[in-house]
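Q: Chain by chain, the residues:
Protein chains: 4
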Amino acid sequence: MHSPKDIVDTMMAKDYFSQWLGLQILEIKKGSCKLQMTVRKEMLNGHGTAHGGITYSFADSALGFASNSHGQKSVSVETSISHIKPLVEHDIIIAEAIEESCSNKIGIYTVKVYKASDPCIVALFKGTVYRTSKIW
Amino acid sequence: MHSPKDIVDTMMAKDYFSQWLGLQILEIKKGSCKLQMTVRKEMLNGHGTAHGGITYSFADSALGFASNSHGQKSVSVETSISHIKPLVEHDIIIAEAIEESCSNKIGIYTVKVYKASDPCIVALFKGTVYRTSKIW
Amino acid sequence: MHSPKDIVDTMMAKDYFSQWLGLQILEIKKGSCKLQMTVRKEMLNGHGTAHGGITYSFADSALGFASNSHGQKSVSVETSISHIKPLVEHDIIIAEAIEESCSNKIGIYTVKVYKASDPCIVALFKGTVYRTSKIW
Amino acid sequence: MHSPKDIVDTMMAKDYFSQWLGLQILEIKKGSCKLQMTVRKEMLNGHGTAHGGITYSFADSALGFASNSHGQKSVSVETSISHIKPLVEHDIIIAEAIEESCSNKIGIYTVKVYKASDPCIVALFKGTVYRTSKIW
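Heads up: the protein sequence lines correspond to chains A, B, C and D, in order. Using my numbering, read the first sequence as starting at 158 and increasing by one per residue. Using my numbering, read the second sequence as starting at 158 and increasing by one per residue. Using my numbering, read the third sequence as starting at 158 and increasing by one per residue. Using my numbering, read the fourth sequence as starting at 158 and increasing by one per residue.
There may be inaccurate statements among the hints.
[As the list claims (entries may be wrong)] So the derived list for chain A, only partly shown, Cβ under 7 Å to chain B, looks like this:
{"no.": "1", "residue": "Asp-166"}
{"no.": "2", "residue": "Lys-198"}
{"no.": "3", "residue": "Ile-238"}
{"no.": "4", "residue": "Lys-242"}
{"no.": "5", "residue": "Val-245"}
{"no.": "6", "residue": "Asp-248"}
[Claimed, not checked] Cross-link-like lysine-lysine pairs, in silico, BS3-like; alpha carbons within 30 Å at most:
{"no.": "7", "chain 1": "D", "residue 1": "Lys-269", "chain 2": "C", "residue 2": "Lys-162"}
{"no.": "8", "chain 1": "D", "residue 1": "Lys-198", "chain 2": "D", "residue 2": "Lys-291"}
{"no.": "9", "chain 1": "A", "residue 1": "Lys-187", "chain 2": "D", "residue 2": "Lys-269"}
It is worth saying that the hints were derived from the structure and are not from the lab. Source: prediction; values computed, not measured. Idealized CB from N, CA, C, for every residue including glycine.
Please take these sequences and the hints and turn them into a complete structure.
A: As structure tokens, this is what we get:
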């Protein structure tokens, strides 16, 4: 059985999009994790703020790491995100994924995204994963 | 009053993330649009398939273009996406955004994502936007 | 193998809450269905309009019937609903459930809710079900 | 300015569906509340468990009370619920609504539903409300 850190290192080595996002792993435990990244110019949308897909992708990577850390390969099935406050270039943001439930087949997680400088959340993400029978 | 195409051209010129995704606009009308993109290696996750954030970002751009095409600046508030089938490198995908409702303040859209080679959807996205009083 | 109608009749006989809602089944096919009900006084909330839970329950029953009609017992895992227009007492409403995808384990459905007198939707529902290995 | 308790009492007096559900208000503060109810036979579905609409309605009432407690009339726009564990007749359940964000126009809340006898959640609800300019 691999440790949560080993599993996430294995995932990150091939996760080219999380690499592009510049994700840093601050913490990883079974069922939870904490990530950090910085909003760059190529992440902005036509309003001059971070594209909704950036915040989503950040939270979805957190979901992926938290849910796969148990050792079973898990894929996200259904996710939702509420965008609360806009982000701009250079904002440093943190994602915290927490497991709300853990059954054999289905897992539910929430991910809170906030600026490193302010505990108020900028986005709230909820994700449901399907746990396959494949092992990392 | 600008045309939907003018508005989307203005948005795209500053939408650096949609540019990075390589979005092509196949069609744009008031309240709807159709986009195309190709999955590239830097868009993959640790499972070797397209990161969920890529499909989401693609659908969210479609939501942004469709909802802003009326002329009022609109921002997505709440969105959800069901991931149905995995995508791999080189897959060409299409997003079709349709307006389900249109009130003064709140708009609801669905976006279907499917491969150019197969009408079966790979992801289903639902988005709610808040229409500001600012005009493009 | 039981027909979709047989399965839904079996479900309805024990579905006391759908009975309380006063659901009428207008149509049932493999993977889809169409239901009707009327908003009653005991379904209203503190704003004097139909409680959000009424529209949700109506759509969720439609999801249940459509997804179980294949013969495998299926339970809803994750659902979302956008409330677009308020409903009042005596409104006659219709729910149409459509299957967007059908895999072995996971099914995705959308349900549109509208008044019998107006094709504009009042609510848009998306649901994900998990198909168990139990058969009706 | 009315107190949160006054507002919820005014809402409950006309909220016939929450009365039918048998909601008891355990706690109400600005932006949050805690409710209790018991699953009755007429709340069951064709699987013999609580209809998904019951848990949703319970959580949606909690959202309504928590979001209206600020004094502005607020209506739910977009909500999602993850159903995690089934409930049966006689189960006593608790809903806790928490405000995740509070802006002038849009509010985001999560509601956790669990049995009185077990802190593990049976459902996780996320809701977005639109705050009107009308005052209770």
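Q: Are the hints correct? Go through all of them and say.
A: Against the structure, the hints come out as follows:
no. : hint                  : verdict
1   : Asp-166               : 10 Å, violated
2   : Lys-198               : 6 Å, holds
3   : Ile-238               : 6 Å, holds
4   : Lys-242               : 11 Å, violated
5   : Val-245               : 13 Å, violated
6   : Asp-248               : 14 Å, violated
7   : D:Lys-269 / C:Lys-162 : 36 Å, violated
8   : D:Lys-198 / D:Lys-291 : 38 Å, violated
9   : A:Lys-187 / D:Lys-269 : 22 Å, holds
Hint violations for this structure: numbers 1, 4, 5, 6, 7 and 8, all remaining hints satisfied.
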